[in-house]
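Based on the sequences and whatever the hints tell you, model everything.
There are 2 protein chains.
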Amino acid sequence: MRVARAISSLIEAFERLPGIGPKSAARLTYYLLHVPQGELDKFSGAVSDLKRNTKECSVCHNVAETDPCDICADPGRDRKMICVVEQPLDVLALERGDGYKGVYHVLHGVIDPLHNIGPEEIKIVELIERLRDEGIKEVILALNPNMEGEATCLYIKRLLKNVKVTRLAHGLPVGADIEYADDRTLAHAMEGRREY
Amino acid sequence: MRVARAISSLIEAFERLPGIGPKSAARLTYYLLHVPQGELDKFSGAVSDLKRNTKECSVCHNVAETDPCDICADPGRDRKMICVVEQPLDVLALERGDGYKGVYHVLHGVIDPLHNIGPEEIKIVELIERLRDEGIKEVILALNPNMEGEATCLYIKRLLKNVKVTRLAHGLPVGADIEYADDRTLAHAMEGRREY
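For the record, the sequence lines run as chains R and G. For the first sequence, the UniProt record's numbering assigns the number 1 to the initial residue and increments by one for each residue that follows. For the second sequence, the UniProt record's numbering assigns the number 1 to the initial residue and increments by one for each residue that follows.
Be careful, since some hints might not be right.
Note that identical chains are pooled: a pair holds if it fits in a single copy or bridges any two copies.
What the hints assert, rightly or not - Think about it this way: if two alpha-carbon atoms lie no more than 20 Å apart in a straight line, the pair counts; the simulated EDC-like pairs of lysine to aspartate or glutamate are:
1) K51 x D41
2) K101 x D78
3) K23 x D90
4) K101 x E148
5) K55 x E39
6) K164 x E129
7) K101 x E86
8) K51 x E65
9) K80 x E129
10) K55 x D41
11) K42 x E65
12) K55 x D74
13) K23 x D98
14) K101 x D74
15) K23 x E86
16) K164 x E138
17) K164 x D133
18) K164 x E65
Hints are computed from structural coordinates only; laboratory data are not their basis.
Structural data, given as structure tokens:
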């Protein structure tokens with residue numbers, strides 16, 4: 001059977017998204033066949049306007065509606081404290097917590113020699129520039145605790161002089177089971193134990 | 001933090017899709033920020049054209065590019081054999097097998113009193129009409145083996161006189177482990193055993 005072109009081209013578009021395989025792509029496409037045209041037009045508009053209606057903040061390089069973004073423009077945030085993250089999604093995750101009142105710096109990647117991503121491909125120079133201008137007191141490295149994240153932390157740490165550099169704490173996630181925790185997490189949790 | 005409207009509206013659109021939660025929706029949206037505008041336009045076009053460029057086949061009610069669809073129009077298919085399925089996606093799955101040379105009838109749902117879907121809401125009348133016209137020899141009920149599917153099979157079976165009605169075989173899936181099969185599947189597999 002030849003599938004209608006309109007269907008197969010949407011299946012293909014969905015398949016290109018991360019984490020969506022051929023079966024999910026087909027399921028999503030056939031689901032949309034039952035959705036009113038108005039909803040489809042809204043979805044379609046949201047996709048095509050996504051990049052047109054967003055900007056990159058020239059200060060922190062986060063994706064935002066305005067430049068500077070509303071975090072960088074917010075007088076209530078502490079601009080002397082910069083939290084360095086890999087991607088805009090990480091800002092979203094950290095903001096969900098509501099505990100952090102500093103500003104951010106989005107690297108848009110981590111150093112990853114296997115994929116030909118060196119320090120020049122990500123926003124490290126921009127970070128160093130910011131440190132020169134603004135009299136920053138603390139840089140918090142909030143990169144993922146994997147090989148590329150560690151390498152990037154190390155690289156940035158070496159470039160930063162005269163500023164306090166911290167990292168997010170390693171340890172047991174809230175709600176976790178010690179029984180199932182891996183050795184390295186447990187070792188970190190033990191090493192970083194705090195007085196109770 | 002206020003997320004840019006362009007971002008939050010795409011996240012919301014993705015969240016409305018089945019099987020996509022808030023976190024996946026955010027991940028997909030932020031992924032698309034790195035995709036060239038041309039790709040976004042293609043995706044967006046595929047969504048908005050999905051229903052405009054598809055028709056419902058007036059014979060089998062499958063979603064297709066033409067009416068009648070290419071299966072119903074294919075002279076190589078046996079029109080005396082109708083395979084009844086719940087949804088267009090099931091036709092795709094059965095056609096992948098390449099073993100079936102008859103035609104289909106898509107019900108667009110199953111009888112589901114809990115969700116107020118009665119026999120009139122799905123294409124059962126149309127199935128009965130087809131049986132009157134075309135001198136059908138066999139109707140294969142290929143509905144999912146769950147409560148709603150069983151009820152729909154029973155309902156259709158009672159309406160069909162003078163025609164052979166069959167169901168797909170129940171049993172162990174290929175590659176399955178007897179050890180992990182549930183009782184009912186094993187009972188069906190035993191009951192439906194065939195000479196070797």
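Within a copy, between copies, both or neither: which one fits K55 and D41 at a CA-CA cutoff of 20 Å? So K55 and D41 pass the 20 Å test across copies only (18 Å; inside, 23 Å).
When no copy is specified for K55 and E39, does a C-alpha distance of 20 Å or less occur within a copy, between copies, both, or neither? between (26 Å within a copy, 18 Å between copies)
Status of E86 relative to K101 across identical chains (alpha carbons, at most 20 Å): within (18 Å within a copy, 53 Å between copies)
Taking 20 Å as the upper bound on the Cα-Cα distance, should K164 and D133 be classified as within, between, both, or neither? Within one copy only: 16 Å inside a chain, 83 Å across chains, cut-off 20 Å.
Using 20 Å as the alpha carbon limit, work out where K23 and D90 are close: within a copy, between copies, both or neither. between (29 Å within a copy, 12 Å between copies)
At most 20 Å between C-alpha atoms: does K51 with E65 qualify within a copy, between copies, both, or neither? within (10 Å within a copy, 32 Å between copies)
Under a CA distance limit of 20 Å, which applies to K164 and E65: within one copy, between copies, both, or neither? neither (31 Å within a copy, 63 Å between copies)
If the cut is 20 Å between Cα atoms, do K55 and D74 qualify within a copy, between copies, both or neither? within (17 Å within a copy, 52 Å between copies)
Under a CA distance limit of 20 Å, which applies to K164 and E129: within one copy, between copies, both, or neither? within (16 Å within a copy, 79 Å between copies)
Can you tell me if K101 and D78 fall within 20 Å by alpha carbon in one copy, between copies, both or neither? within (6 Å within a copy, 70 Å between copies)
Taking 20 Å as the upper bound on the Cα-Cα distance, should K42 and E65 be classified as within, between, both, or neither? within (19 Å within a copy, 23 Å between copies)
Go through the copies and call it for K101 and E148: within, between, both or neither, with a Cα cutoff of 20 Å. neither (27 Å within a copy, 53 Å between copies)
Of the numbered hints listed earlier, those contradicted by the structure are 4 and 18.
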